[in-house]
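Student: So you can see what is in the structure, the chains are spelled out below.
2 protein chains.
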Amino acid sequence: MHLTVIARILGIFLMLFSITMLPPILVSMYYNDGATEAFLLAMILIFGIGFTSWLPVRAVRQELRNRDGFLIAALFWLTLGLAGTLPFMISTNPGLSFADAFFESLSGWTTTGATVMTGLEHLPKSILWYRQQLQWMGGMGIIVLAVAILPMLGIGGMQLYRAEMPGPMKDSKLTPRIAETAKALWYIYLFLTIACGLAYWAAGMSMFDAFAHSMATIGIGGFSTYDASIGYFNSPLIEGIAIFFMLIAGLNFSLHFYAWRNHTLSHYWSDSELKFFFLVLSGGALMTISALWYTDTYDFANSVRYGLFELVSVATTAGFGTSDFSVWPVFLPVLLFMMAFIGGCTGSTGGGMKVIRVLLIYKQGVREIRRLIHPNAVIPVKLGRRAVPDRILDAVWGFFAMYIVTFMVMMLALMATGLDQVTAFSAVGSCLNNLGPGLGDVAAHYGNISDTAKWLLALTMLLGRLEIFTLLVLLSPTFWRN
Amino acid sequence: MHLTVIARILGIFLMLFSITMLPPILVSMYYNDGATEAFLLAMILIFGIGFTSWLPVRAVRQELRNRDGFLIAALFWLTLGLAGTLPFMISTNPGLSFADAFFESLSGWTTTGATVMTGLEHLPKSILWYRQQLQWMGGMGIIVLAVAILPMLGIGGMQLYRAEMPGPMKDSKLTPRIAETAKALWYIYLFLTIACGLAYWAAGMSMFDAFAHSMATIGIGGFSTYDASIGYFNSPLIEGIAIFFMLIAGLNFSLHFYAWRNHTLSHYWSDSELKFFFLVLSGGALMTISALWYTDTYDFANSVRYGLFELVSVATTAGFGTSDFSVWPVFLPVLLFMMAFIGGCTGSTGGGMKVIRVLLIYKQGVREIRRLIHPNAVIPVKLGRRAVPDRILDAVWGFFAMYIVTFMVMMLALMATGLDQVTAFSAVGSCLNNLGPGLGDVAAHYGNISDTAKWLLALTMLLGRLEIFTLLVLLSPTFWRN
Ligand SMILES: [K+]
Ligand SMILES: [K+]
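Just so you know, the sequences run in chain order U and X.
Those letters in the first sequence? Residues -8 to 473, by the working numbering.
Those letters in the second sequence? Residues -8 to 473, by the working numbering.
Derived from the structure by calculation, the hints contain no laboratory data.
This structure is a prediction, so every number in the text was calculated from the model and none was measured.
Worth double-checking, as some hints may not be accurate.
It does not matter which identical chain is meant; a pair holds if it fits inside one copy or across any two.
Calculated cross-link-like contacts (lysine to aspartate or glutamate; reagent style EDC-like; alpha-carbon spacing at most 20 Å) [to be verified]:
#1 354 <-> 381
#2 354 <-> 385
#3 116 <-> 218
#4 116 <-> 28
#5 266 <-> 59
#6 266 <-> 442
#7 174 <-> 411
#8 373 <-> 385
Between the sequences and the hints, there should be enough to build the whole structure, so can you do that?
Tutor: Below you can see the structure in the form of structure tokens.
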């Protein structure tokens, strides 16, 4: 491993992160909420640590191997997750413990949106802004990771995506150089955030709330500045805007990139993953709305309103709420959680297993049935008009199995700490899929579970965000052998 | 489809099944339990239906295609499941409804062992015997299905097994002709049942109980003649015998066949599946026993006694009980259920996904990690010294995914009927893995859930027993074309 180079890179990340304390500082000063000094101190500390890490190795120039990418990706979230705890601990309100602060910070960075805090209305505005900003930066990190870095490492959904890319897109290759790609993605991400924020503002949110929620929407994070989440505004218009932008953010950013470059929208509908995504969402919405109506939970209009919002919110893994779905007829929350396992499209800020993997698993299932009937036929699995290489199918199966195994192991571990089955199921499902809300003891927030459970769930968020294998590889002895 | 030939075969099965009413009739006469006429009537009805089905088509001789095997396997369990309801409905004690009787009968035939009845001690002895006998015949059917029929169809665990068979065994091919193979397996099955029955008897059970439980042990069915199951006898010796024979019945009967033919035991330990089976069992036992001891549920001796028994009983999917594990610390029942998902070895009477599939999934996971580190290496997945063909790996993945999806869909469907999450999770997990006992509302028995839930669970048992694809193929339009 090129540990010195990695120290240099992480040092730079930390120094950059320290600069992002400026917006909370401005917010704090504007509202005079008493947290200004906390953010200043955090800024100095984070910059100091970053600088100390960078200084001794600043001159080291070594070619990074692909393999180093695994370590960098894991350490990126871990280091920034740790650094992100400082404002939560230093500011006397909320003055979180280390375990709580790490849970909250990592939940932000991984865009999970699970929170240990309640009474958000009583927190300093700057802390609220800071939480939203963590999710926004986390979302940006995920897209760069998914679109630019993971494919280099030969993992992640984008690798699958490449196999499918239509001709012109394949040629442009999202530009071969990471820096350029990242810059283009950054513009798109910023543009969407501003558009979403302006729409919220126009629909009646305050400017603060509008951009706070816009950051969590485009990042598919799901943090809110109110305990009641989007439900606080009680506005169908705002809910409609949220649905629209959650869906946009749940799509592959390569598609947005292509639209941006080539000024066209037609390619969206030739994308297999997108079509399957909307098919799954429509099926889920139909079931949710019918069930709510049929069980008289709401009248028809409200069944549509609350059902559609919650379905999109959970299926994209945003995790915003307009109603407390933990009190809906029992099978609905479980249905919603299963939708979260499917998650967003690859190359989006959403969590879950990613739509394209589920699509490939479905196609493989159909192929197996055909093979049983025609044992000697050669039947390729196709995406669009291209056959998917076996190697990629293998990776999808491997991922699926590891995902299920990780889920089971973590659920058992949480139950061993004393949580009941419904709580453990939902907490692990929520954190692994980077969703946010839970059921049972974590229906309202994650503040009342043990510290051990919080650490385990933080690990689960990280496993989900790094698509499991990025972390598993680090545990393999082969990785550390040269 | 060759429906006439299939009608002939099912007619023969039914006539043969009617003959198996004789032992219950003898038991009923011996104990004078009042159910003699019910069994006589059932015998006549079943014979009559079988005869009517066979008579018009008895002369039809058509070569069966492989594809017909799917239909025969599904109809075998369905028809016999239906026919098996008669004694339960005709005998005034228990005098079950059709839904209850079908659940109980199919639970017997599929060796699931879930029961809708309680107060077993008050049932006619002949009914008790009949239930055990259903499991015994179901177990025999499974082995013939797994060892002789499914491989012909290109599915099922044995196909995997063939890939691994050591040289001499591969040559003997378990004999190419189904009838011969089935006969040899029948002798082994009978021998094991008698050995187990004699051991139970020597350990203190009555002759009736000894053979009743022996049939359910070798069939890995788990029905008992007492509500308290094996716990009724409160005898460590009997529990030890049960553990031994559950393990024997949980192994691949091809191994027993080889031992029988070649008078050797050495091949057992060169079998990868068997080694992995015992590795998984040891790990599970260690965790179960430590958790029982650590949480002070029992003292050390009883933690070993009850923990080991329950672990083996659930992991082999027998489902016998010596203690009520639904009241153990919450994470243990869930751990045990996850062991049941692994299940027995292929070609055994056990349920679950089968050990060899789980082993292959594990090996594939390890390969994926290696591939990430060495992207250009060609790394085969091996069993013993042989590389497993890609086609077989595909089948394993397809099975795993369908198994998980079936589990989720059925769990959602059960929750939609109004069951809570823990009950639905355990009921579906128990029926899909052909295990038997559940948690929550089905912890004691399955009598209190709705008829809809019972039908859904009966379908789940059938899906599990037929390894899902045998049934799924029948739903494919391609199957019925031509
Ligand atoms: K989220
Ligand atoms: K069983």
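Student: All hints, please: hold or fail.
Tutor: Status of each hint after checking the structure:
{"no.": "1", "hint": "354 <-> 381", "verdict": "both (13 Å within a copy, 17 Å between copies)"}
{"no.": "2", "hint": "354 <-> 385", "verdict": "both (13 Å within a copy, 12 Å between copies)"}
{"no.": "3", "hint": "116 <-> 218", "verdict": "within (14 Å within a copy, 62 Å between copies)"}
{"no.": "4", "hint": "116 <-> 28", "verdict": "within (14 Å within a copy, 81 Å between copies)"}
{"no.": "5", "hint": "266 <-> 59", "verdict": "neither (35 Å within a copy, 36 Å between copies)"}
{"no.": "6", "hint": "266 <-> 442", "verdict": "neither (42 Å within a copy, 38 Å between copies)"}
{"no.": "7", "hint": "174 <-> 411", "verdict": "neither (45 Å within a copy, 49 Å between copies)"}
{"no.": "8", "hint": "373 <-> 385", "verdict": "both (14 Å within a copy, 15 Å between copies)"}
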